[in-house]
Amino acid sequence: MADPHATTPEATSGAHGHSHVGRYAVVWIALLFFTFLTYGLSRLHIPGGWGVAVALGIASAKGALVALFFMHLWDQRGANRLVFVTSLAFVALLVGLVLLDNATRFPLANPPGSEGALPVGGADAPPPPMTAAERK
Amino acid sequence: MSPSPASEALVPQRTYLNAPATGLRSWLLTKDHKRIGVMFLVATTVALFLGGLFALLIRIELLTPGPTIMDAMTYNRMFTLHGVVMIFLFMIPAIPSGFGNFLLPIMLGAKDVAFPRLNLLSFYLYLIGAAIALYGMVHGGADTGWTFYTPYSTTTVTKVTPILLGAFVLGFSSILTGLNFIVTTHTMRAPGITWTRLPLFVWSIYATSVIQILATPVLGMTLMLVAIEHAFGWGIFDPARGGDPVLFQHFFWFYSHPAVYIMVLPAMAVISEVVCASSHKNIFGYKAVAYSSLGIAFVGFFTWGHHLFTSGQSPWDAGIFGVLSMFVGIFTAVKVFNWVATMYKGSISFTTPFAYFVGFLFFLVFGGMTGVALATVSLDIHWQDTYFVVAHFHFIMVGGVMMAFLAALHYWFPKITGRMYPEGWGLVGAVLVVLGFNFTFIPQFLLGNEGMPRRYYSYPERFWPLNVASTAGASVLAAGLVLILVYILISLRWGPVAGQNPWRSRGYEWMSATPPPPENFEETPVFTRGPHEYDDSAEAPPTPTGEPSHVP
Amino acid sequence: MSPDAHPALAHHFESLEKQAHAARLGMWLFLATEVLLFTALFAAYAVYRYLFHQTFADASRHIETWIGLVNTIVLVTSSFTVALGVHRATRGDGKGTALFFGLTVLLALVFLGFKAVEYSHHFQEGQLPGRYYTYGEVTGPGASLFFALYFLITGLHGIHVVIGMTVLTVIGIRSALGAFSAEYNVPVELAGLYWHLVDLIWIFVFPLIYLI
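If you read the sequences in order, they're chains V, R and F.
Residue 0 is where the first sequence starts when you use numbering that gives the first Met the number 0, and the numbers rise one by one after that.
Residue 0 is where the second sequence starts when you use numbering that gives the first Met the number 0, and the numbers rise one by one after that.
Residue 0 is where the third sequence starts when you use numbering that gives the first Met the number 0, and the numbers rise one by one after that.
No wet-lab data here; the hints were simulated from the structure.
No false leads were slipped in.
Some chain V residues judged to face chain F by a derived CB distance under 10 Å, without partners named: (1) 19; (2) 62; (3) 75; (4) 86; (5) 95.
Glycine included, every Cβ here is placed at the ideal spot set by N, Cα and C.
So that you can see chain V by itself, here it is in the shape it has in the complex (with noise of 0.2 Å):
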């Protein structure tokens, strides 16, 4: 976060002209065209990890609307964009960690009935077959 020039004072938000108003409106409308697409795309039930993929990626493009127009990081400066960034940085680094972990579990250290976890009928059941690299 050094950013050399945190004490110069710099154009803060706020101070343009009435183009601020219209541009609220076209974030505004754009939002709201978003949200229906969303809804939309949702019911087609899109196969596969491609729906949350889809639906995350509207949301995100939502919340870079927010946070870039209505919040005014577009024309705000460096510092408070990075800690921003820096905060998602670190949402994206726990749950990636975390979901890596799940995912590639021993099976008997996932929750029971749970995907990665042993087949229904628990530790007595036959464990899975040996993967070749395994039965080096």
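With the hints as your guide, set chains R and F onto chain V.
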């Protein structure tokens, strides 16, 4: 704390201690960062002695195999309280909220922190959190350990909820302090203090604050989830309802491992200042020391999984976390080498702060090396949950943080009070603390390696001799701490007047009067050199423009 | 501090400009902590959705998607009105700010009203967290977890809506009374930022809970 008549000539007439007013009310409602810092110091010192008392009781219980002075349940509560008090009430707030509050604005040439009211709120949140946690301790206590692992913490009959709530509130206190420090560092630097002229103390505290901001909210939410689960059984971490107890450990250590750096980075902050002032020499490799603080803060976030090696975590995650954990060693080593290099060809005064620096260096290196060993997955499986781990983290936390706390206490005692402590007694105290500490925890390394598990009130007879040695060491450590408390309290009233800069330090904080006036500097100072520059062989400490010299 | 300084300028700041910058940076740091407060819940959601993805998909089809859609529209619109309110403040129009903030609070009430309808529906159906779960149509491990996370996420968000309403009401009244001007309106701006964050979080809650 008012100056005695004989010395009034040397002490500034108007200091933060007597202006704008004296009296309890003016302290409790103050917005002066220095007074808030002093109140934090007093409160955290009380917590230190409370936690120390629990530690002594634990060691007395372990003096003999089998029950000595308490039963198993009492012992379980005792080590939980020891952990909660020491970590949440002493180590996390002591240096940042205490010394950091006092020094950070002065080191930046500012009049106060950016949000003084928030600062006071942070202190009261600390008190409220401490009160809630202490209420839980008095009324039943908890027997979960300070880590509150599920599913035990969600099913125990002890009163875990108030302690969780207390820790939640303490977290907010920590967040507010960190927020304040970041904004202060960004916006309130006096003219001339560029980012590469920030005192190293400020760099480290800044890195600490970043961790406090990013990690503490996750802990708060996690503790709330445990409390909800304990009270209502919502099943978030309950395997019977599909929940995953290991997920709790992920969340908990996502905060609590970086929290180790919340404790250690401020200690490194203190040490960087003390080593320069004691060696009368410019820091070796300013940028390396400064940026390694940020490096530790950053990498510290990628290591939490090394607490889960034996918890059922996937081998993939364990491998990633094991390797990433070792990177912390690199940044720490950078600091250690730079501190040692700073001493080279310096003109060292072997004062009490320096004695603690020497102790700190030994403990940090020893504790750090065992940490790297513990981050090795295969070795960790042998040492997990033994006294080896206990000894390792006490080397970092007590050996690192408490040494630095004591170094800071002695180094800035004249700045805070305007008086000196007795140097001879100071060295005696330092020797007692360092020796006592070694005798307490080196036996625990040996015990752990032989397989003595942690968190039991009893042990087989073959562990007896080393446990006696450890308890004996703890008694010496306690005696040293009591000695320090006694002479510090006496020096508050009767210590000799320190003068403006007793250490002939070049640190920015010594440029203001000692003790500082309420607004720190008579007028905004302009800084024309770095904070650790001893090279230009100036006879007298330079004064900022417009500030009359107080040097006799 | 010179005698002709602005009354809102605190003694330890040089200028109103610097003070505003400090306040803004502090607010962004606070918003970062808010994001990370929700992160634990989102991470838990991610893990359990991965572990029980079929159950989660089934459970998500047994809640009222249209309420989620309407509430999204309401919140997005309220973000728009807040932005307009903040814009009025930069023009020194305190009354305009109060009007738009009042409108926002009304929209927030609509949001909470729909939320209440939804919650009472869940209570009737037994779609409740953990040990209280009695809903018959979605069973199996993980079903009660979906509703535990549903109530935790929407509940925490709801608390933020209430806090945001309180802040907007106080700042709106102060605006109407002329506490702010074109030069000094940082509190209005910060209140707006908080409300936008509440909206931002909902933008992610909506697809996660209702759509996928």
